[in-house]
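S.K.: Add chain B to chain A, keeping to what the hints say.
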Amino acid sequence: MSGRPSPLAALRVPGEEDARRRAWAVAQAALAQREPVAKRRARPPLALAAVAVAAIVVLALAVTAPGRATADWVRARIDAVAHPPAPPRAPANPVPSTGPLPGGGLILVVNDHGPTVLGLGAPRVLLGRVDAATWSPHGKYVAAVRGIELIAVDLAGHRRWSLAGHDPIRWPTWAPSGFRVAYVTGTPGRGGRTVRVVAGDGTGDHVLAATGPAPPAWQPATAGERLAYADNAGRVALRDADSGRLIWRTRGGLRPIQLAFSSDGRRLLVLEPDRTLIFNGATGALLAGGRHTTKSTNIAVAYKPGSSTVYALVRRLRGSGDARLVIVHTDRHGVRPVDFSTVLFAGGPLGAPAWSPTGDWLVAEGGAAGWDVLHVAGRGTDRIRLLAPGRGAHLAGWCCG
Amino acid sequence: MDAQPEALRWIGAPRVRRAAALTRRAERAAVRGALRGDAAALDVLFRAHWPVAYRAAWLIVRDAHAAEDLAQEGFVAAVRALEGFDRARPFGPWLRTIVARRAIDHVRACAARREVDGAVLDGVVGAEEDAPLADDLLAAVAALPEEQRVVVVLRHLLELTPTEIAEVVGVPRGTVNSRLRRGLDTLAREVPR
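Chains A and B supply the protein sequences, listed in that same order.
The first sequence begins at 1 in the numbering used here and counts up one residue at a time.
The second sequence begins at 1 in the numbering used here and counts up one residue at a time.
The shape of chain A in the complex, shown without the other chains:
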């Protein structure tokens, strides 16, 4: 052959990018399973640098909002944050230690190591690297997605079951009963996305409906297994997950990015980028359509456990990278907002929020330096703790007191 590269080397073939991402995750896992032939030398300069960086981060948090107001309460765990990020091949190496969580229960994050449980005394990595994960309702299992594979794993890291489809899987969601898991698969340009349901033991996988670009949501506190989802026409529908029977469907034209049920199942909040809408969970009737906002973009929402009148909302301010975490109180019917309390300003992006099982602490996915865990008292906060979720982490849920 000549030294000139072949024209064939420049071709891109279908599915390459998705395949590359999945293959890299598998290759990393394969590397992690090998016994290294030589141990790495310790690198004290890097460790010192990490400690220094962590100290700066902690100092910055102490003197800037929200740390300024509650600096005395900031207990940045220097040793936790300062740990150098563990290489993916060595889950036994330190993921930042968190100890008991301030709100009790267990937090599930998906970081560069895989689905990681915080709150057990030391972080516990259940699998290798995955794309997404979700708690089972009682926190005994985690459903994780790796490319086209859906995997159920227990807290000891043992696989209980798995299934593989033909397309990448997104948004696994375990039903409150524990008996069903919903997930979305497919791509818009190739047959479309569908929401599928599988039993909690991995059997009975079936298509429920075509769906749009928002995660489905299970209706809690209801007889049977009912799943809400948004379709491509901008309608939100509620179906029986087993029979497929349509229970209700809204009119079209919505632009949902997230669906969230109150814990009693009576209210469904449909989050759009610039407004929130409240629907009757039993009938699908629109109860309140929030005003369009122009100054901020909605990112994510979470109802407070045991409440249909309080929810946490993450908004990103337009024109800047700043974000804020707002607690919204509605009237006693859970319909009209009556109070907005900003409990956290962030000089960077915030992601999904999650409430502690008792509803008195709130965490919002933040930057790599650490996530704020807020003690919610009334309409404000009175304590802040710093959580070290690990590199590349995304919040997947807070479970089970």
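You may find that some hints are simply not true.
Said to hold, decoys possible - Some, not all, of what chain B presents toward chain A, calculated at C-beta under 10 Å:
#1 A34
#2 G37
#3 A39
#4 D43
#5 Y54
#6 L82
#7 W94
#8 I98
#9 I104
#10 V107
#11 V153
#12 L157
#13 T186
#14 A188
Stated by the list, open to error - Now the in silico label distances, taken between C-beta atoms and shown as ranges:
#15 B/G170 to A/G348: 57 to 65 Å
#16 B/R89 to A/L317: 51 to 59 Å
#17 B/R24 to A/K140: 47 to 55 Å
#18 A/E17 to B/A109: 21 to 29 Å
#19 B/E167 to A/H166: 30 to 38 Å
#20 A/R21 to B/P145: 26 to 34 Å
#21 B/E167 to A/A156: 43 to 51 Å
#22 A/D18 to B/A26: 50 to 58 Å
#23 A/P273 to B/D86: 54 to 62 Å
#24 B/R25 to A/G392: 29 to 37 Å
#25 B/R101 to A/R160: 28 to 36 Å
Keep in mind the hints are simulated off the structure, nothing from the lab.
Here the structure is a predicted model, which is why all the values come from computation and not from measurement.
Ideal Cβ placement from N, Cα and C applies to all residues, glycine included.
M.R.: Relative to chain A, chain B alone:
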């Protein structure tokens, strides 16, 4: 015969270079790092060699899911066999040979099961910077008869020698060369200049 493609010459050098061409020295360092369990070193090898392995597998089997499995399994097999890898040799051809063997085995297994290819060209997409050219070439290569397509891909994408191709495919070297010639002639006719 070195079937350096006269038929491909006029297509010109690709405007998109390979994502990460490695020097031998850098590749050896990456292999050493991967042997130590260094994920960054593995990433270097992955970026340099997995894309070509995937593209070759796709062109041979013409099925994205199967190609993903083949390239992924081939790379993982290479990672697991790193201890036994002769570090005096380049990593790329070793990996490519693994993937090529697996892809050809897959094609034979499909043929034995009488599987029928679907409309695989529906999803053909071009390279980012020279899409029309890449589309035509990709479509033309994918449309070649299997025996020609396999040797063209092994020779001009995986860069195996005709002798290596003969060994992998299990035919005499002369047969490899004649299939190459016919395949390249077809490409010269089918791809617009």
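S.K.: Which of the listed hints are broken here?
M.R.: 7, 8, 9, 10, 13, 14, 22
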